[in-house]
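So the chains spell out like this:
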Amino acid sequence: MHIHRYEKLWLSIGLVILAFFIATLSIAALSEGFVPPSDDQSIDPTKVAQTPPFDHPGLRKVGDHAYEAYYVAHIFAFDPATITVPVGSRVTFYVTSTDVEHGFSIPATAVNMMVTPGWVNSLSHTFKEAGTFLLVCNEYCGAGHQTMAAKVVVQ
Amino acid sequence: MTTSADAASSPLQWPKNNDSYAFSREKGDLLVLTHIYTATLVLGVGALFGALQGFSRANWIVMPDWFDYYRILTVHGVLMALVFTTFFITGLLTYATYRSIPRVRSVRLNYIGWSVMVIGTLMAAITILSGNASVLYTFYAPLKASPFFYFGATLLVAGTWFIAADIIMNVVWFKRRNPELRIPLPAFAAVCTMIMWIIATLGVTVEMLILIPWSLGWTSGVDVSLTRMLFWYFGHPLVYFWIMGAYVIWYLVVPTSYGGSVFSDGLTRLAFISLLLLSTPVGIHHEYLDPGISPGWKFFHTILTYGVVVPSFMTAFAIFASFEIAARKQGVTGFWNIVRWLPWRDPAFAGPGLGMLLFILGGFGGVVNNSYAMDVLVHNTMWVVGHFHVTVGGPVALTFIGAAYRLVPALARRKLFAPQLALVSEYLWFAGMLVMSFSMHWAGILGAPRRTSDVSYFGAAGAATWHGQMVAAALGGSLIAIGVLLFVVVATATFLQNKREEDNPELAFARVEDAAAPVPPVLDKLGTWAALAIVLAFIAYVGPVTQQLTAHSYLAPGMRTW
Ligand code: HEM
Ligand SMILES: [Cu+2]
Ligand SMILES: [Cu+2]
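Chains L and V supply the protein sequences, listed in that same order. Following our numbering, the numbering of the first sequence begins with 334 at its first residue and continues without gaps. Following our numbering, the numbering of the second sequence begins with 678 at its first residue and continues without gaps.
Worth flagging that the hints you see were computed from the coordinates, not collected in a lab. Keep in mind that the hints are not guaranteed to be accurate.
Stated by the list, open to error - Just some of the chain L residues that point at chain V, by a computed CB distance under 8 Å:
1. His335
2. Phe354
3. Ala356
4. Phe367
5. Pro370
6. Asp373
7. Tyr400
8. Thr449
9. Tyr473
To be verified - Below, a list of computed lysine to any residue pairs in the SDA-like style, where the Cα atoms sit at most 25 Å apart:
10. L:Lys484 x V:Ser1130
11. L:Lys484 x V:Ile1122
12. L:Lys380 x V:Asn736
13. L:Lys341 x V:Phe1041
14. V:Lys1092 x V:Asp696
15. L:Lys341 x V:Ile980
16. L:Lys461 x V:Met1051
17. L:Lys484 x V:Asn736
18. L:Lys380 x V:Leu893
19. L:Lys341 x V:Leu981
20. L:Lys484 x V:Met1051
21. V:Lys704 x V:Met846
Predicted model only: the values in this text are computed from it and were never measured. Glycine is no exception: its CB is placed at the ideal position from the N, C-alpha and C atoms.
Construct all of the structure, not just a fragment, from the sequences and the given hints.
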């Protein structure tokens, strides 16, 4: 099959772009340790209220400017509804669902993950600025989905 | 102007002046029209619902309880993503096969498939409209819809298998009689697309085998992440199904509107084969932010996703080369001169042409979505909605309606009704889509969530910045909806008016530019490519599925939350 010279050139450009994408992705993954939230602890969705630490959802201080926040997502609310942390805190969010699929997102930040019944998901984020952040469910979960929100206060 | 498919490249015998062939062909044309008109009707209904969603998000209206937002969003998603596209593509692929393999044939199997699809669609649509399946088109468990919804969706898929079987049988018939010939290019594209589709739909079929007994109450729970994975095993190839449909038109139909040709037979085949191979082993890119899937597998799927650069670049080259060769023959040279020379006032060209422009934007957005450092910023925001409207809602759908403006008059042997109106429908759609999808992308960058009836969050500060974009999107959406309705009017009126056109038995596919150029026979070995596609799908999923099955996966009982 004859392939025209220009087409070879053009396809090479395509391949270079491809290599570039893959390289940036690998560098981000390997050197900066950027991996998407992929927690792999399973949990019985019908027994969340009896399973520590989700039997007591809320914020725990684990070090200097370091917190862990345990959330239970259920139709149509997050528990806890509000947490308050100082500016500069690094918060690791752990979240699970007692019923259906939910989302866990602080809009316009990298706090964004799926909440699947049967699993705990987690990610960490450093709050560098003060403010009241809206935390929303960004996966459709039912009739009251548009009301499912909570607050993160950074002061 | 146009010649029969590959007539130049293969000494195919056209049964000309043969009454029984002419009769059979007319039956085949009616069949294809049946598919296309079904798609047309569905598109019209879906567009009305889309407009209502836009109005609700802009806070212009509040949907009443008996017709709530999530119910109509489910209808819109199902009708647009699953029904409109599928009916159009089954019609198109049938057409490509029948017209490039001329023979006296039975159309019964294909009609059976069409009927099964229609029954499935009606069953699913009635269940959704009655409020018993507000689970959106992705029906993520454990949202628990009425069993009729899952039955309906299963029938819709099962119906397509009859059509696939019809297409495959026609190609096998051809190969048996002409072992020394290549499969005609249009039939090759059709059968390649259908093979991809069969492999893909196996995923959703297995998912249905889990969901149906559960929705009937025979099992007590479902493994949520396993069903999500099965859905996306199907959900991404669904996207390439749309694209392959659009490619059939871009490669083979569009050149007929400027007297052009297919740039290269072999490279066209290669583009379809690449999409077949790359369609399934990439589905986990929809699950970057999911728990229970290791980052290694997410990475693997990401890399294969980027592989789509190859067929995309090949296609961009082939399209422009086809433009250039035709333009040169008329003494037109230079990039902008060629662009201006193209028949932008021909509705059969303008739709696909404008669609190609939108697809360039869609490509950039896709790169962002696929890089997971950025995906985390836009996942499940309005950005994604902007993205798929500027890919399937723009390029694919505009290409389909442009093709309909060529195929419907030809198949119905009528003149196109009001060509000016047809043209207006496309430019309105294009303009509306630019406005709507730009606003949606922007809202997404600001963090506005998708699949949400109202994004005001009781006046929360974080949500205040989204309203303006939602209003702009609603305005753009209204333009598209008007464009869609004009399309429905033109398509319907074309059939109703009785000005008979000359029959054109060999219409419709561009011939191959250098038909004598040798094509590696391996490209025609579809069985081998199908086997390779299955192996790739297996490699990509055996790890993640094993991870799901071996983790202590608890079942979720599920419920109806609407
Ligand atoms: C009349 C023009 C259209 C308008 C005004 C429109 C509007 C919308 C809006 C506002 C949404 C997002 C709702 C949300 O996330 O809350 C949406 C979703 C969607 N649209 Fe459209 N749309 C139109 C045409 C199309 C076309 C032509 C297609 C595809 C062929 C399409 C496919 C989809 C899909 C697949 C969804 C996702 C549904 C979901 O998230 O479950 N739309 N549309
Ligand atoms: Cu929700
Ligand atoms: Cu995809």
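**Request:** Identify every previously stated hint that the structure contradicts and give their numbers, smallest first.
**Result:** 3, 7 and 12
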